[in-house]
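Residue numbers (this note's numbering), protein chains in the order written: chain A, 339 to 563; chain B, 339 to 563; chain C, 339 to 563; chain D, 339 to 563; chain E, 339 to 563; chain F, 339 to 563.
Possibly wrong hints are sitting among the right ones.
Identical copies go unnamed one by one, so any copy, or any two together, can satisfy a pair.
No more than 25 Å apart at the CA atoms, straight line, and that leaves these computed lysine-lysine pairs for BS3-like [what the hints assert, rightly or not]:
id	residue 1	residue 2
1	K536	K472
2	K554	K472
3	K554	K536
4	K412	K486
Just so you know, these hints were derived from the structure itself, not from any lab.
Number of protein chains: 6
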Amino acid sequence: VSASVVDRRSLEYLDRVASELYSSVLSDILDDLGHRQQVIRPEVRAVYPGARLAGRAATMLSVAVSELPAEPYKLLMELLDSIEPGEVVVAAVQGSTQAAVWGELLSTHTRARGGRGVVIDGLTRDAWGIAEMKFPVFATGVSPADSKGRLEVIAIRQPILVGGVAVTPGDLALADEDGVVVVPQAIEEEVINRAFEKVAGENTIRDILARGASIKQVFEEHGIL
Amino acid sequence: VSASVVDRRSLEYLDRVASELYSSVLSDILDDLGHRQQVIRPEVRAVYPGARLAGRAATMLSVAVSELPAEPYKLLMELLDSIEPGEVVVAAVQGSTQAAVWGELLSTHTRARGGRGVVIDGLTRDAWGIAEMKFPVFATGVSPADSKGRLEVIAIRQPILVGGVAVTPGDLALADEDGVVVVPQAIEEEVINRAFEKVAGENTIRDILARGASIKQVFEEHGIL
Amino acid sequence: VSASVVDRRSLEYLDRVASELYSSVLSDILDDLGHRQQVIRPEVRAVYPGARLAGRAATMLSVAVSELPAEPYKLLMELLDSIEPGEVVVAAVQGSTQAAVWGELLSTHTRARGGRGVVIDGLTRDAWGIAEMKFPVFATGVSPADSKGRLEVIAIRQPILVGGVAVTPGDLALADEDGVVVVPQAIEEEVINRAFEKVAGENTIRDILARGASIKQVFEEHGIL
Amino acid sequence: VSASVVDRRSLEYLDRVASELYSSVLSDILDDLGHRQQVIRPEVRAVYPGARLAGRAATMLSVAVSELPAEPYKLLMELLDSIEPGEVVVAAVQGSTQAAVWGELLSTHTRARGGRGVVIDGLTRDAWGIAEMKFPVFATGVSPADSKGRLEVIAIRQPILVGGVAVTPGDLALADEDGVVVVPQAIEEEVINRAFEKVAGENTIRDILARGASIKQVFEEHGIL
Amino acid sequence: VSASVVDRRSLEYLDRVASELYSSVLSDILDDLGHRQQVIRPEVRAVYPGARLAGRAATMLSVAVSELPAEPYKLLMELLDSIEPGEVVVAAVQGSTQAAVWGELLSTHTRARGGRGVVIDGLTRDAWGIAEMKFPVFATGVSPADSKGRLEVIAIRQPILVGGVAVTPGDLALADEDGVVVVPQAIEEEVINRAFEKVAGENTIRDILARGASIKQVFEEHGIL
Amino acid sequence: VSASVVDRRSLEYLDRVASELYSSVLSDILDDLGHRQQVIRPEVRAVYPGARLAGRAATMLSVAVSELPAEPYKLLMELLDSIEPGEVVVAAVQGSTQAAVWGELLSTHTRARGGRGVVIDGLTRDAWGIAEMKFPVFATGVSPADSKGRLEVIAIRQPILVGGVAVTPGDLALADEDGVVVVPQAIEEEVINRAFEKVAGENTIRDILARGASIKQVFEEHGIL
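Just chain A, with the same shape it has in the complex (with noise of 0.2 Å):
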């Protein structure tokens, strides 16, 4: 069964995408389609080894603060009490490292909800807890210091740059040990379609090299490496 078959819209078909795929096939597909800006910057790993997540972002932009809002945490928990199956929460607080703007209760929550899982570029905290529940989280690093009167959330929903890449909601982001890809919506049917047919060639390939085979040999004849 190709995946252009399966609904788009259905989580059947992003549990397809997590399972099946994985970011560094997606990424070579974007690349060999001319989008070459779509993978997260690098320090953006993930919190526990096997983590693993595909869904449609839901963004949220922070920007550091340095005393305590009106209404702390309001867009944030707007945006939490909001979130559809499917869904993962996009972050951008541009890199800072004053605070973590995630953690296990939010994890739990998210989940609760049907949310897959948590793409930030910066900080997030309970990294033994969100590692027990198994709730994949993706960030630059750990800290124990909580985001309020430190980080604020300022918009949410909206077009937002995340380590180097434009995200728009709705955008499918798939993540994995090697790293964080994003995959525009327009283009989205074509590049999973070619990354299963690639996933396929891969394996191939590999059984090929296991075996001894020169690599300039079976590059020429697959094209892949």
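Here the structure of chain A is known, so what remains is to put chains B, C, D, E and F in place on it, guided by the hints.
Here is chains B, C, D, E and F on its own, set in the frame of chain A:
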């Protein structure tokens, strides 16, 4: 049994802090009390998964050198031979990555003397041995290069600045997978008592959120996020 | 049996070095001999826990490019098809984080040819597959982005500078969880012989320290720390 | 005439502060009063030699964007058309070096409205024109790239964090070749009065030291260094 | 006289570009045409105040080395002896700060051959001599250390990546106190013609703004800021 | 008159070195003699254009602190009151940018005692006053923030590591617009003599190249570039 009835000078007290509290809850309480600079910079992380410690800071300060000192390791050994049960070695190297200031042999010695672990704003070595003996070391990274002729301890058991935090000998350090928090002695009793209370509250909220509650309502009712 | 009676060109010799020695002891011996710039910068780390390798450097040098070369991967494939048993690919990308220069397929090929692993002062990809096949790769990080049109190999089997260390083809590289050490061939025999001796001494000292001995006395008597 | 008899809301007052005081003396007084986080990070420097300013902060906050907003420059223009005589534009871009948020045309407009200069924790452009018109701009560097579609102002006349310092609209900013100091309004009168006194003291000491006096004696007698 | 009637291969054309246009106006036009990656990173700056140049890129690529090459300076000298009037040496060292790749003697030679200046994403030396002879060099900084045995040129007159920008031999480089812009040859005519028009428009607007006009009205009427 | 007939302990000798030699020629000679780590990292630069100095290193080492020491400035003042004519203060702060360790009053005192200038791998303040009195200070930048309670001198007149270079008290430091070079005393005579010779050679070559000679021929004939 509240923490305040436990003798804060006892090892049992440190055991309870290490096993029941965690760095993020201490950071939150310190924030509430207006002590907002008590989290060591996030590059200082657990050397192996699951490392955690609580103990009293035994401080040392190193500087970069370019030649072998007359008596190598002199103050380092003086500090280590004076380690008391319940202490944690807290080492400032001012971010230098020239060499590792810690390793497996020092860990073996420190554990034999009752030391609880190590916090360094620099590198350690023997990561494999340290992980195997489960001696909690927190550092910015690892390197095979020894400190001899590269970094030399120039002061011990003095107030120092470690990863952006002022540490006075005897301060309580708690470190886990999220990072390292330092609790000044003058407010330790209040911080620890409040922390035990907050942990209980967080457990309640986690259960509520796991059932799909609105995060806005939960925050309004419990004031915790 | 001392190491000097083993043929240094044999694979058995490399096996012994990989299983019985470690990076920190080699670094100490090199320091003692006045070779104090042989440790690759600490950002180059094991891609999965427990990775370790010993082998002879097969070097390659990449530079950042902005367009697809006429013959992509040309020199990379030439190097890989020439890998001899016991060799380690040592790749200089001069710290670039634009793309990954290594991955699972190249690992599969290199292992099939008898290669022992890879050291890169840049990124790899397919971290999961590499961990699963236990092929020791040491890198500064991971990224899904392929090197094609981003980094191109421009020289192979030449002297290069990798993470601050001069590496000549055929030099012995040893890497483990502490990092990567390079042993110049001219002093290899002396370094390795001394290292086997020092490992024995460290085991003795570890036992003494574990029983609570004074670290000052131990250092005065044995001269090791 | 002491500064306290001058109306702090007058332009004459700002003129005296700009011509008779300097950033280091303000920083010292703020230190003495326990306000030790009032110096903007040292990367923010005068764009041309001799630039100096004193004025009241008119703040703006920009974030990195990846596409042209519906109404480019909207809030930026709103702030600039509201500039009052004696104000200084203080712009937070959170360290972004993607583009310049200031230039010669904005300088021309701001000077025409009575603005005293600009402080940015990011880049400006038109460095030559700015130097020629002697409009004091303090920035981390320069770039020809415009902010359009790269950085967008999202808040004006709000409290912001600029180069590590909390700035509230109306705070007094003083900048010269040493850098930028921000004086909170609540303590401004005391800071400025003390600063005028200290400047007089420093002039005396400079004369004494120029004659070859012992610096230890001078410090013991005058308490200034 | 519009620029398009001037022979783009003539030196007069380069003189006009250098004296009448500037980097920010070229960057704006390139942005408008969708070429948004043509500004070299802002660390590359004029070595002395007032430096400016326009010319055709003669590219060279250096890599870090650790020993003296067999024929030091070989390709560097080959490039310099082939410099044609109107050319600018554009040197990629991939950000290395190990050594200076340029200096006063090379400047003297290049000027004698009709070269217009130098752009390096690394260091130069002889800053004083270069400033005195007013030979426009743009670099990230200075160092007394020579490139011999530290950096070696490995390719000349090839496409390279300099400070984040793809540069093809013959591309037009314009540099001034704001930084360096590279204009691809395929669009050069359109960019330069539009730039001459925009410069005229900016002069008009500067006069209007200097008289205190609303910046919002000016932008609405003229579309320039 | 060759330098070797001048008394190296005399001030006249330092005057000649400062006025006739420069940092790049010293660096070249040191390279030739195999001393390739004698250039302080390039971030340490002249505070005002044209600054240059030659003198003997009077070293001090500072560390970051978090509270006011019992006797602020104690060792700093001890060093400054002991400055001899011809000495240069060489200060290691290990790259800290928390505060300025130098300023105009210290410059005034040091000049009065015959000191020749200052080299810091950190910040100074009073940049304007220092430029006006033409006292050569080399630093990584400027800040209004004083060192009191931020950085404290902990050792004076000891061997230190400054910007990557080992400096022993009495070593010859020469600094100009290209940066700072340190000449170890044991090889000083040879270095200085060779440098005077090389300067003469460079003047000849400059004239030849200015007339348009082939750089390859000049290098082959004279061996200088």
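For which of the previously enumerated hints does the structure constitute a violation, in increasing order of number? Per hint list: zero violations.
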